[in-house]
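Visitor: Sequences listed follow chains A and B, in order. If you use my numbering, the first sequence corresponds to residues -15 to 96, in order. If you use my numbering, the second sequence corresponds to residues 104 to 221, in order.
No lab work stands behind these hints: they were computed from the structure. Just so you know, not all the hints are guaranteed correct.
Residues of chain A placed beyond 12 Å of chain B at every Cβ, according to the derived structure [what the hints assert, rightly or not]: (1) Q(-2); (2) T8; (3) Q23; (4) N51; (5) S64; (6) C76; (7) R79; (8) P96.
If you want a taste of the chain B side facing chain A, the calculated C-beta under 10 Å gives, among others [claimed, not checked]: (9) S110; (10) Y138; (11) P164; (12) S168; (13) S189; (14) L193; (15) Y211; (16) R217.
So these bits of chain A aren't anywhere near chain B, every CB distance computed over 10 Å [as the list claims (entries may be wrong)]: (17) A2; (18) S26; (19) T44.
Here a beta-carbon is modelled for each residue, glycine too, at the ideal position from N, C-alpha and C.
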Amino acid sequence: AQKITQTQPGMFVQEKEAVTLDCTYDTSDPSYGLFWYKQPSSGEMIFLIYQGSYDQQNATEGRYSLNFQKARKSANLVISASQLGDSAMYFCAMRGYNDMRFGAGTRLTVKP
Amino acid sequence: DAGVTQSPTHLIKTRGQQVTLRCSPKSGHDTVSWYQQALGQGPQFIFQYYEEEERQRGNFPDRFSGHQFPNYSSELNVNALLLGDSALYLCASSLGPGQGVSEAYEQYFGPGTRLTVT
Chain A
-15 AQKITQTQPG MFVQEKEAVT LDCTYDTSDP SYGLFWYKQP SSGEMIFLIY
35 QGSYDQQNAT EGRYSLNFQK ARKSANLVIS ASQLGDSAMY FCAMRGYNDM
85 RFGAGTRLTV KP
Chain B
104 DAGVTQSPTH LIKTRGQQVT LRCSPKSGHD TVSWYQQALG QGPQFIFQYY
154 EEEERQRGNF PDRFSGHQFP NYSSELNVNA LLLGDSALYL CASSLGPGQG
204 VSEAYEQYFG PGTRLTVT
């Protein structure tokens, strides 16, 4: 069965610094997709970045990059130059052949 | 370009009642997925609709059912409500059923419907 683990319930980062949010996964599917979403207090899930299991290079989207280590089954999100508006819940998710699973989330707080 | 819309925003029901939640996908999208997000947890996949058929289903009982209309909008129905059904229900739309998992399968989420069962 697929499983997504986010071991950091909460993280703090100083404004303008970089932060890494951890995500590990487990799946028996040979092909899968990994995603990160941001959920502000308003509740809407905002897509940030995607990594395919066969992608050779780590995905990047502006200030977001995904540190994909397939052998370790990890897909950590790196946010560079944190901004106050980055404060939110962040969810790692994996899509396999049958469904899409989300982790429990990490609450990121950016300090001024 | 309208994004994903959901109605109602909030809903309060009593145990044993039935509820219908509605979702309109982003313009150009033909696939709708539904998720349940309990307080303090990540979303859990309920099911996905494409071409008016349920294509995939998560680990939810038959009390949870859905429908997709020719205009791609969708409904989520929950019968015999339990207290544990209280949650934020999220709808997400995408283009195609996303069977190619190695493709960029980007879902756009709606703002959700907050269901409270008393």
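Visitor: Tell me, in ascending order, the numbers of any earlier hints that this structure violates.
Guide: When the structure is compared with the hints, numbers 3, 6, 7, 9, 11, 12, 13, 18 turn out to be violated.
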